[in-house]
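Undergrad: From first to last, the protein sequence lines are chains H and S. The numbers in full-length UniProt numbering rise by one with no breaks, and the one at position 274 of the first sequence is 274. The numbers in full-length UniProt numbering rise by one with no breaks, and the one at position 24 of the second sequence is 24.
Hints listed in this document are in silico derivations from the structure and should not be mistaken for laboratory results. If you're wondering where the values come from, they're calculated on a predicted model, not measured in any experiment. Some clues are possibly wrong.
[Unchecked claim] Per label pair, the in silico range of CB-to-CB distance:
#1 H:W37 with S:R7: 43 to 49 angstroms
#2 S:S25 with H:E173: 17 to 23 angstroms
#3 S:L62 with H:R150: 18 to 24 angstroms
#4 H:R72 with S:I135: 33 to 39 angstroms
#5 S:Y28 with H:L76: 39 to 45 angstroms
#6 S:T127 with H:E173: 52 to 58 angstroms
#7 H:Q64 with S:N68: 52 to 58 angstroms
Ideal Cβ placement from N, Cα and C applies to all residues, glycine included.
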Amino acid sequence: MPEALKDTVKDQPAEAPVAPRTDGKVGKPRSLWSDAWHDLRRNPLFVVSAVLILFLVTMAAFPQLFTSADPRYADLAKHYLQKPNWGHFFSEDWFGYDIQGRSIYARVVYGARASILVAIVVTGLVTVLGTLVGMLAGYFGGWIDTILSRVTDIFFAVPFMLGAMVVLTSFTERSIWVVILSLAFLGWTQIARVARGSVLTIKQADYVMAAKALGASTSRILLRHIMPNAIAPVIVVATIALGGYISAEATLSFLGIGLAEPAVSWGVDISSGQEQLRNAAFVLIIPSVMVSITVLAFIMLGDAVRNALDPKLR
Amino acid sequence: MGRYVARRLLQMIPVFIGSTLLVFSMMYALPGDPVRALAGEQTVDPAQIAAMKKDLGLDLPLWHQYWNYMVGLFQGDFGTQIASGRPVADIISEAFPITVRLTLFAFTFTVLVGISIGVFAGMKADTLRDRGLLILTLLLISVPSFVLGFLGQYFFAFQLGWVNPNVSGEANWNELFLPAVVLGSLSLAYVARLTRTSIAENLRSDYMRTAVAKGLPRRRIIGVHLMRNSMIPVVTFLGTDLGALMGGAVVTEGIFNVKGVGYNIFDALRHREGATVVGIVTLIVVVYLVSSLLVDLLYAVLDPRIRYA
Chain H
1 MPEALKDTVK DQPAEAPVAP RTDGKVGKPR SLWSDAWHDL RRNPLFVVSA VLILFLVTMA
61 AFPQLFTSAD PRYADLAKHY LQKPNWGHFF SEDWFGYDIQ GRSIYARVVY GARASILVAI
121 VVTGLVTVLG TLVGMLAGYF GGWIDTILSR VTDIFFAVPF MLGAMVVLTS FTERSIWVVI
181 LSLAFLGWTQ IARVARGSVL TIKQADYVMA AKALGASTSR ILLRHIMPNA IAPVIVVATI
241 ALGGYISAEA TLSFLGIGLA EPAVSWGVDI SSGQEQLRNA AFVLIIPSVM VSITVLAFIM
301 LGDAVRNALD PKLR
Chain S
1 MGRYVARRLL QMIPVFIGST LLVFSMMYAL PGDPVRALAG EQTVDPAQIA AMKKDLGLDL
61 PLWHQYWNYM VGLFQGDFGT QIASGRPVAD IISEAFPITV RLTLFAFTFT VLVGISIGVF
121 AGMKADTLRD RGLLILTLLL ISVPSFVLGF LGQYFFAFQL GWVNPNVSGE ANWNELFLPA
181 VVLGSLSLAY VARLTRTSIA ENLRSDYMRT AVAKGLPRRR IIGVHLMRNS MIPVVTFLGT
241 DLGALMGGAV VTEGIFNVKG VGYNIFDALR HREGATVVGI VTLIVVVYLV SSLLVDLLYA
301 VLDPRIRYA
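Just chain H, same shape as in the assembly (with noise of 0.2 angstroms):
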């Protein structure tokens, strides 16, 4: 950050660490989390997004709840390509069935798991890799600290995308798990340089140098007093994150070196659909609008959630 960005991030008052708010109940300080936890229950987006996130891990966790057909079954001869039947909620046909005559609403309900698995699972690796370096580099300095940046910035400067492309395509045999390490492999940069940042400021906290003084090991110091105290930021951006690597397994699938048939996945049914786009839409569109809502719900958490935890925002 350039030096006058810092000189304004130190003019506003010290992230308070305890909001005291008088709305009934007088007097009883309110830490940071708890804090946030008041203003997100009371937040719309909130609740709408986590009521979303919640039907769709249960849709992950136990597909059979919502459906009695199995996704890779297939019957050529009757149902080829058949449209959607929109009035008939919860059943095999409601969405139709896709070019080889399989339920589209089975494999969109089975499809959730591949996709929610490998951004949950993608985004826990990144946040405990991303905030171990950046912790180690924000609070040690020196050479750790330059080793460490220079190693973010040389994974930071390879495309996502592109660095993604060529881990997978190394893959003959491309289980779930190896979508998950290469993601997890290219993707933890950005937590590094924001949990990093974070550690800088958190640092020169007066409860630090009394931790200090007081004689406190250091990885008492980094785990009790730094990460509780610097980790929103990498909450936020984690979160957001967590978006994104779904849009990435399915793009990713989509291209083909993600997972493959016989998997289900959202991104491997856009895939298969494409070839139909022009005389049956409806095989390719049906998945991406999961994608999308998906995606939208985890972004509006972290939207939610950022605007609990920013006390600037107040």
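With the hints as your guide, set chain S onto chain H.
TA: Chain S in isolation, oriented as in the chain H frame:
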């Protein structure tokens, strides 16, 4: 200033070496063998394959191959495709201008429309207009660009017949319009949101009040005082975005059949043509590094308080 640029250029060297080495080693760790692939299903004498590999320098250890590649690169030699025997520099000089054109088109679209939407929304923050535009940007972010590409193709090419679904070999400006809009839409949404937040925040600042109190004309207050200060985060984003757009062009080019860099990378990945992939990625990395340097220099223009010693 001069010293700052020199230092930044020096810092670029390890990043450049690191990221090319990263792509190079990923490419050469691939299980496929480009020489054996030439023969297809036929059985070939292993001695012949070994001889060909020796000719191409593929039997050397990784670091040696990388060294040879780098030495060649600095003499303007990007290597040769194994299957076709064409110099990679030829392929790049054919494909790169098309992708650059597409990216620049998308970039201009992003900057113009994104900033306009952002200013339009930010000037009246928290009104119906602002909320509506915010929802629009959310939708643009959540629809993956390849889906947007297909939808654009479906409606504008197949249903309405306004454009050709595929872009011809020349890739003229008017043909690239739809692909560029699709490619730029994600960045557009981010630019609009960043501009909006920044404008809405700066509208409340002291210098704005002073400018109004001084009785400056409205056009000058908004055009100079407000815009100049609000553009800093937007310019930061745009700097890193140029490289990302070039990477994203790979997908867009696939949908609209543009014969640019993306098409060639795909082709090269399938045939294990390491030199082509590494060459193209190297160029994109250079574009990214140079544009992020330019952005840092732009800071000083936008905010005179920033001095580079």
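Undergrad: Now look at each hint and say whether the structure bears it out.
TA: The hints, checked one at a time:
1. H:W37 with S:R7: 43 to 49 angstroms: 45 angstroms, holds
2. S:S25 with H:E173: 17 to 23 angstroms: Check passed, 21 angstroms falls within 17 to 23 angstroms.
3. S:L62 with H:R150: 18 to 24 angstroms: 21 angstroms, holds
4. H:R72 with S:I135: 33 to 39 angstroms: 37 angstroms, holds
5. S:Y28 with H:L76: 39 to 45 angstroms: 44 angstroms, holds
6. S:T127 with H:E173: 52 to 58 angstroms: Once the Cβ atoms are compared, 54 angstroms apart, the range 52 to 58 angstroms for E173 of chain H and T127 of chain S holds.
7. H:Q64 with S:N68: 52 to 58 angstroms: 57 angstroms, holds
Of the numbered hints given earlier, the model fails none.
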